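As you go down the protein sequences, you meet chains E and Y in turn. Numbered according to the working numbering, the first sequence spans residues 1 to 493. Numbered according to the working numbering, the second sequence spans residues 494 to 588.
Watch out, some of these pointers could steer you wrong.
To be verified - One side only, chain Y facing chain E, incomplete, derived with CB under 8 Å:
hint, residue
1, Glu522
2, Ala526
3, Tyr530
4, Leu534
5, Leu587
What the hints assert, rightly or not - In silico SDA-like cross-links for lysine to any residue, where the CA-CA straight-line distance does not exceed 20 Å:
hint, chain 1, residue 1, chain 2, residue 2
6, E, Lys379, Y, Asn572
7, Y, Lys533, E, Lys336
8, Y, Lys533, E, Ala335
9, Y, Lys585, E, Met420
10, Y, Lys533, E, Leu338
11, E, Lys379, Y, Pro544
12, Y, Lys585, E, Arg344
13, Y, Lys582, E, Lys379
14, Y, Lys533, E, Pro299
15, E, Lys24, E, Glu49
16, Y, Lys533, E, Glu49
17, Y, Lys533, E, Glu25
18, E, Lys336, Y, Pro544
19, E, Lys24, E, Arg63
20, Y, Lys582, Y, Asn572
21, Y, Lys533, E, Asp337
22, Y, Lys582, E, Glu49
23, E, Lys379, E, Ala367
24, Y, Lys582, E, Arg63
What the hints assert, rightly or not - Stretch by stretch, here's where chain Y covers chain E in the computed footprint (C-beta under 8 Å, at least three residues):
hint, region
25, 66-72
26, 140-152
27, 226-240
28, 293-306
29, 337-348
30, 369-376
It is worth saying that the hints were derived from the structure and are not from the lab. Note that the coordinates shown come from a computational prediction; the quantities given were computed from them, not determined experimentally. Ideal Cβ positions, reconstructed from N, Cα and C, are used throughout, including at glycine.
Read off the chains here:
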Amino acid sequence: MTDPFRLSVREARRLLDEGELSSKELTRATLERIHGTDEVLGAFLTVCEDLALRQAEESDSRRGRPLSPLDGIPVGVKDVICTRGVRTTAASRMLESFVPPYDATVVERLRRAGAVLVGKLNCDEFAMGSSTENSAFRRTRNPWDRERVPGGSSGGSAAAVAARQCPLALGTDTGGSIRQPAALCGVVGLKPTYGRVSRYGVVAYASSLEQVGPIAREVWDCAAALGVLAGHDPADATSVPREVPDYLGVLERPLGRPRVGLPSEYFGDGIDPVVRDRVLSAVEVLRELGAEVGETSLPHTPYAVACYYLVATAEASSNLARYDGIRYGFRAPDAKDLLDLYCRTRRLGFGPEVKRRIMLGTYALSAGYYEAYYLRAQKVRTLIRRDFETAFSRYDVLATPTSPTSAFPLGSRLHDPLQMYLSDVLTIAVNLAGLPAISLPCGFDDSGLPVGLQLVGRPFEEETILRLGHAYQSATSWHRAEPPLDQRGSTGG
Amino acid sequence: MPLSLEEVRHVAALARLELEPEEERLFAEQLGAVLEYVRKLEELELDGVEPTSHVVAVEHPLREDRVTNRPRPEELLANTPERDGNFVKVPKILE
Numbered sequence: 001m002t003d004p005f006r007l008s009v010r011e012a013r014r015l016l017d018e019g020e021l022s023s024k025e026l027t028r029a030t031l032e033r034i035h036g037t038d039e040v041l042g043a044f045l046t047v048c049e050d051l052a053l054r055q056a057e058e059s060d061s062r063r064g065r066p067l068s069p070l071d072g073i074p075v076g077v078k079d080v081i082c083t084r085g086v087r088t089t090a091a092s093r094m095l096e097s098f099v100p101p102y103d104a105t106v107v108e109r110l111r112r113a114g115a116v117l118v119g120k121l122n123c124d125e126f127a128m129g130s131s132t133e134n135s136a137f138r139r140t141r142n143p144w145d146r147e148r149v150p151g152g153s154s155g156g157s158a159a160a161v162a163a164r165q166c167p168l169a170l171g172t173d174t175g176g177s178i179r180q181p182a183a184l185c186g187v188v189g190l191k192p193t194y195g196r197v198s199r200y201g202v203v204a205y206a207s208s209l210e211q212v213g214p215i216a217r218e219v220w221d222c223a224a225a226l227g228v229l230a231g232h233d234p235a236d237a238t239s240v241p242r243e244v245p246d247y248l249g250v251l252e253r254p255l256g257r258p259r260v261g262l263p264s265e266y267f268g269d270g271i272d273p274v275v276r277d278r279v280l281s282a283v284e285v286l287r288e289l290g291a292e293v294g295e296t297s298l299p300h301t302p303y304a305v306a307c308y309y310l311v312a313t314a315e316a317s318s319n320l321a322r323y324d325g326i327r328y329g330f331r332a333p334d335a336k337d338l339l340d341l342y343c344r345t346r347r348l349g350f351g352p353e354v355k356r357r358i359m360l361g362t363y364a365l366s367a368g369y370y371e372a373y374y375l376r377a378q379k380v381r382t383l384i385r386r387d388f389e390t391a392f393s394r395y396d397v398l399a400t401p402t403s404p405t406s407a408f409p410l411g412s413r414l415h416d417p418l419q420m421y422l423s424d425v426l427t428i429a430v431n432l433a434g435l436p437a438i439s440l441p442c443g444f445d446d447s448g449l450p451v452g453l454q455l456v457g458r459p460f461e462e463e464t465i466l467r468l469g470h471a472y473q474s475a476t477s478w479h480r481a482e483p484p485l486d487q488r489g490s491t492g493g
Numbered sequence: 494m495p496l497s498l499e500e501v502r503h504v505a506a507l508a509r510l511e512l513e514p515e516e517e518r519l520f521a522e523q524l525g526a527v528l529e530y531v532r533k534l535e536e537l538e539l540d541g542v543e544p545t546s547h548v549v550a551v552e553h554p555l556r557e558d559r560v561t562n563r564p565r566p567e568e569l570l571a572n573t574p575e576r577d578g579n580f581v582k583v584p585k586i587l588e
């Protein structure tokens, strides 16, 4: 048998079901792998050794009964998602010692499904960033090349799955924060339709855009996870009361002739020619699988990044007002009065990117500018949504690159916010329109860095992109490539 | 065009954010650049376009007003930076 930590969820599930492997063995191997590699990789902020082994034992004692597909499976959770009794920092000094008294709904669902929580994963502070360099605590490195970023903001989640530190992780996606790091680390990342998964207990950044979703190595694993995570939650007013399909059950259904559209704006200037080439090769595979491929257009794409940064920062400035040093989190010492306490707490507790976004959002919402910036952006958002509606009247799925480039060097975009914001140019419009999308590994560039293919679906039609993605993975082997990482976490090449 | 330092200070005050002098200069420049970039939205004709604030139409959700008492006050207060029994302590606000 292969090392248990190398197993995907699907592979581990089979061995667990056949009694060839116990969850305790799997969890032990996973924890050892984390301890052996994470000093260099930096994917974890907290490892829950005791909790994980206890949950694994409980899972083993359930064996023999019908179990959820995630029962006994080790899972890492992005550290912006609240875990009862386990420190949740959002990678910020502001929440350095915060221990939530409750579970996020997604975590409660994982627990109920019998999943094993192995730890909390690094990310950009409050999920703001595209490289995981904005974490207040540590840098996460890309397992394919340790001098490069893993992407962000769910960079810890993607790096951990790529490095075989855990077969499944949760991320959050506000402007591409699941899909872009998945692409840069060569794994699968799924952003569900807005409203499909509860956001209760997720540290809020931009409430109208963000969704929780799975990162794994196989589409099957993501489908299994979505089945556990999805569904209405009365505690989240934005969660949609709508039946959850049997994602695993439909995965193997014949594809038929799905109509796949290529939006011309996503293949033009600014896209690395090698990335474009790999994605077009992947589209050829989809054609061979029976897809009918044609060109389409999303004409308002050039406005998406500007629209996103106004909407997201406006919501962030409002959401982050709660960090005032009063009820929880960090409090600055020796304040002379209440206003001084707020201002100093926020100066010392927030990092530069968070401050930058609060400033931009406050500016865009302030008197005299609301109509020129925020309201205008919300109207442009309508045009972006309509683009997708038009494209989806002719096509079932849109295929694009996930990121315009492969993983960039650490530090290379850190001092140019605008350049960093453009890292998400191909994922952002999907959040503005609330659509489901998945990123799949579809090859490597000339430096051996992974390239991602993005498939976008109609609202609440996750099955369609999951089935197409699963068929693609059944026909290709890109997702089986493993980064050259030895037990000490050094990368070769 | 960079924002003026005065504008930066005004926005920082609105956001309850104290900035170092160096940060003020940096943000004046960076926010100016981002605002210049977002000005491209002015190219679009938006008369009669409704703004989008929610992508999915959700009915106004109502629930019964029932006390659940969870998390318990003790659990909630465990994260409070400064407290006195079941009270949260803040600096004096009255002279």
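Structure-based check of all given hints:
1. Glu522: Hint violated; Y/Glu522 Cβ to chain E Cβ min 10 Å, cut 8 Å.
2. Ala526: holds, 6 Å
3. Tyr530: holds, 6 Å
4. Leu534: holds, 5 Å
5. Leu587: Violated - the Cβ of Y/Leu587 stays beyond 8 Å from chain E, reaching only about 10 Å at its closest.
6. E/Lys379 - Y/Asn572: violated, 40 Å
7. Y/Lys533 - E/Lys336: violated, 44 Å
8. Y/Lys533 - E/Ala335: violated, 42 Å
9. Y/Lys585 - E/Met420: violated, 43 Å
10. Y/Lys533 - E/Leu338: This hinted pair is violated, its Cα atoms lying about 40 Å apart.
11. E/Lys379 - Y/Pro544: holds, 4 Å
12. Y/Lys585 - E/Arg344: holds, 16 Å
13. Y/Lys582 - E/Lys379: violated, 43 Å
14. Y/Lys533 - E/Pro299: holds, 14 Å
15. E/Lys24 - E/Glu49: With Cα atoms ~11 Å apart, E/Lys24 and E/Glu49 stay inside 20 Å; holds.
16. Y/Lys533 - E/Glu49: This hinted pair is violated, its Cα atoms lying about 50 Å apart.
17. Y/Lys533 - E/Glu25: Violated. Y/Lys533 to E/Glu25 sits at ~56 Å, over the 20 Å cutoff.
18. E/Lys336 - Y/Pro544: Violated, at about 43 Å.
19. E/Lys24 - E/Arg63: holds, 12 Å
20. Y/Lys582 - Y/Asn572: Holds, at roughly 13 Å.
21. Y/Lys533 - E/Asp337: Given pair Y/Lys533, E/Asp337 is violated - Cα atoms ~42 Å apart, limit 20 Å.
22. Y/Lys582 - E/Glu49: Between Y/Lys582 and E/Glu49 the Cα gap is close to 35 Å, so the pair fails against 20 Å, i.e. violated.
23. E/Lys379 - E/Ala367: holds, 19 Å
24. Y/Lys582 - E/Arg63: violated, 50 Å
25. 66-72: violated (count 0)
26. 140-152: That given contact is violated, which follows from only 0 residues of the region 140-152 of chain E lying within Cβ reach (below 8 Å) of chain Y.
27. 226-240: Since 4 is at least three, the answer is holds.
28. 293-306: Three-residue rule met by the region 293-306 of chain E, so holds; n is 5.
29. 337-348: Satisfied; 10 residues make the cut.
30. 369-376: Holds: 3 residues of the region 369-376 of chain E have a Cβ under 8 Å from chain Y.
Violated hints for the displayed structure, listed by number in ascending order: 1, 5, 6, 7, 8, 9, 10, 13, 16, 17, 18, 21, 22, 24, 25 and 26.
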